[in-house]
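Work out the full structure: start from the sequences and follow the hints.
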Amino acid sequence: MAEPPPPDVAGFACPAPLRDRPQIVMGHGGGGALSQDLLEHIFLPAFGNPVLDQRGDSAVLDVAGLLADGGRLAFSTDAHVVQPLIFPGGSIGELAVNGTVNDLAMSGARPLSLSAAFILEEGLAIAELAGIVSRMAAAAERAGVSIVTGDTKVVERGRGDGLSITTAGIGVVPAGVELGPRQVQPGDAVIVSGTLADHGMAIMSVREGLAFEAAIESDTAPLAGLVAAMLAACPWLRLLRDPTRGGVATSLNEIAAAAGLGIEIEEPAIPVSPVVASGCEILGLDPLQVANEGKLLAIVPADEAQAVLAAMRAHEHGRQATLLGRVVAEHPGIVVMRTALGGSRVVPMPIGEQLPRIC
Amino acid sequence: MKHLAEYRDADTARRLAAEIGRLATRPWAIMEVCGGQTHSIIRNGIDQILPPEIEMIHGPGCPVCVTPLETIDKALAIARRPETILCSFGDMLRVPGSREDLFAVKAAGGDVRVVYSPLDAVTLARSRPDREVVFLAIGFETTAPANAMAVQLAAREGLANFSMLVSHVLVPPAIRAIMMSPGNRVNAFLAAGHVCSVMGTWQYPPLAEEFGVPIVVTGFEPLDLLEGIRRTVAQLERGRHELENAYPRVVSERGNEAAQAVIAEVFAPVDRAWRGIGVIPASGWRLADAYAGFDAERRFDLTGITAEESPLCQSGEVLKGAIKPSQCPAFGKECTPRTPLGATMVSSEGACAAYYNAGRT
Amino acid sequence: MCLAVPGQVESIRDEHGIRMGRVNFGGVVKDVCLAYLPEIAVGDYAIVHVGFAISKIDEASAQETLRTFAELGILEEELAELRESDEPARPAADKTEPAP
Ligand code: SF4
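Protein chains in written order, with numbering that gives the first Met the number 0: chain A, 0 to 358; chain B, 0 to 360; chain C, 0 to 99.
What the hints contain is simulated information worked out from the structure, not anything from laboratory work. Do not rely on the hints blindly, as some may be mistaken.
Quick list of the computed label-pair ranges, beta carbon to beta carbon [claimed, not checked]:
(1) C:R12 with B:S97: 43 to 49 Å
(2) B:G331 with A:G143: 44 to 50 Å
(3) C:L65 with A:D302: 51 to 57 Å
(4) A:Q182 with C:V41: 54 to 60 Å
(5) B:S309 with A:R181: 38 to 44 Å
(6) A:D160 with C:V41: 37 to 43 Å
(7) C:V41 with A:A328: 52 to 58 Å
Remember, it's a predicted structure, so these values are computed and weren't measured experimentally. Glycine included, every Cβ here is placed at the ideal spot set by N, Cα and C.
What follows is the structure, encoded as structure tokens:
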């Protein structure tokens, strides 16, 4: 009987080198070699920073100095799903970073660090994942935050929408900054940082069944820098809100309800780019109800409004900032629009998903 | 957008409103039949710049609103079947059936898709021969050419897996029903411009004559609406009752004859139930016998599906203009856009939803 | 009923035996069925509903309608001058400003 040849351990070569698999397989979430591969070839090179490179089970951050003179910690999380994963003007990667950065910024915080958890669907192209991760890294760099900890799981094909990303983040709210509905006063100005509905219409333009061609790009952008510039111009900002899903209509209704005050906006002041307005027109959508990913609403003391607007317009993400309306004591909890024709109507809270109308 | 922006000028709108004020010497109730016009009136606050003499009554011209509960329940039953893909215009998804809406069926695993055009449903049927693709074909005359073409195309290509659940409704019989209903207060009608772009205006002079009401074909932009109202009031004040066309850039007397020919081939008149109003004779279209093979009601066993409307709901009275939505006891209480009892609260075009959203009481 | 929007025909082609076209709605371009407007040409404007062009916009009528509106403004102005010292105008007329 011939002896079986001894295993040639040193010369072992996997017939299909793991990292060269073109698609995500279940094993990429198993915590073993495939998971390591993803980490080493996709995530670490993109996000690499001293804290992440420690590869600990948790990120350990030294924030004592930042909190020393009365700063407070802001903490937020945001889950992201979007179809398609890459769309005009951005991808789920930018959304995941900017979403949490902006949530932090709306409390007046300077964002510091993010976590990122990825749920990958079996079959997702690794090249697509890599592309999204590198967009995410670039977005983090632009926003001035680092991604310091993360996790990856894989779900079976058909049980995930390609990829979903959940980020959480911490930031520091400077001493003296106190934003919230309780600060809002009748007479305050309502400011919006730029054109509305760009993100929602960019997504619609590539959605199955609705697809149209238009030069519409998502407005996804980090707003912490803009907020810092606004706070520098007026430390007494009353409240900030990023009008994402449900659009400005939802955010204004939430503000009015939380403050127990009314809000009045002027229809002619609503900034919408012409091509986005056309898109809304053909689908029968109201730009006030369509999502934004790089805009903010600010409630500002009336006599500071001009100073805040000037500071905003000097910043790349606030060039088209404009006065939208005012806070009033009348009709608490209700948002009213003065129409261009001189009539008025209530701006309702949208109910659910935005659907194109035929009638 | 050209041919849109010109008709939104605020100064001209105020002038038209002032002119209407100058003309109106006594109260007039004018019904805009079309839900799209209702939407534009409320959205632009046109009713608020009109003089107090003019009352706009919001008519039954929202195809989503008047689609009978039974048809919705049938659509839901079709969507629940594992072999079907139900395609619908976006507005229909939220319309509640007896127990649930299409969103709920979708959440429970039904394949429900929003399409922009009925041709998208045909395209889907072409690419998914393994599934039954059913299109929920609702609409007024405006939508009929599109739906008719979809059936024609499916027939020509022999797409055996395509069918339609048809609930088409027509404007002239509805005007007649409103004028004949007890307690009717309507003095004049704005006829729906886009319906007339397809059908022409020739159907309306006999109605204006028979019921002694001015009928003015009107567009949808603020200036179009105000011009339609201005012409209506001018007729009313002079005691005239004629058909006028205030939307001539889009509407001709004969309408779109190519479209009418295809409609005549694909559809046949039928008595149709209108949600909240009841059956109006010859007020709708069904698939003509030659296309019966594409009728979803024949293809799927839908027997036994009948539906009762909420006894609280007064939407019939609202649609006929007999009461304002806010006069319905359930308005804003049991019935809100989140928990609609009647279809007029569902679609943003619906009179009750339009009232609710505008905060009108 | 019937959300229908004006757009300009950019190109015309045949698809599955049906006359189709690309229609530009203020920068948004969509595929539209042109079968019901056999006479429509590139450059024309049409009213489009659920992906179907249902009516060609008649430019002459459009101009005519706009002219009526413009004349209304001039008329209003003249009336306002006549009324100058008369009883106060209706509330809606208060907001009327002279045409630019
Ligand atoms: S308010 Fe609701 S219950 Fe009342 S008529 Fe309107 S839809 Fe029906």
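Within 37 to 43 Å or not, the Cβ separation of D160 of chain A and V41 of chain C?
40 Å, holds
Check the following: the C-beta atoms of R12 of chain C and S97 of chain B are separated by a distance inside 43 to 49 Å.
45 Å, holds
Mind checking the hinted window 51 to 57 Å against the Cβ distance between L65 of chain C and D302 of chain A?
43 Å, violated
Are G331 of chain B and G143 of chain A spaced within 44 to 50 Å by their CB atoms?
Roughly 48 Å apart at Cβ, these two residues keep to the hinted range, so it holds.
Given the hint of 54 to 60 Å, is the C-beta distance from Q182 of chain A to V41 of chain C inside that range or not?
Hint holds: Cβ distance 57 Å, inside 54 to 60 Å.
Cβ-Cβ distance between S309 of chain B and R181 of chain A: within 38 to 44 Å?
41 Å, holds
Holds or violated: 52 to 58 Å for the Cβ distance of V41 of chain C and A328 of chain A?
56 Å, holds
Of the numbered hints listed earlier, the single one contradicted by the structure is hint 3.
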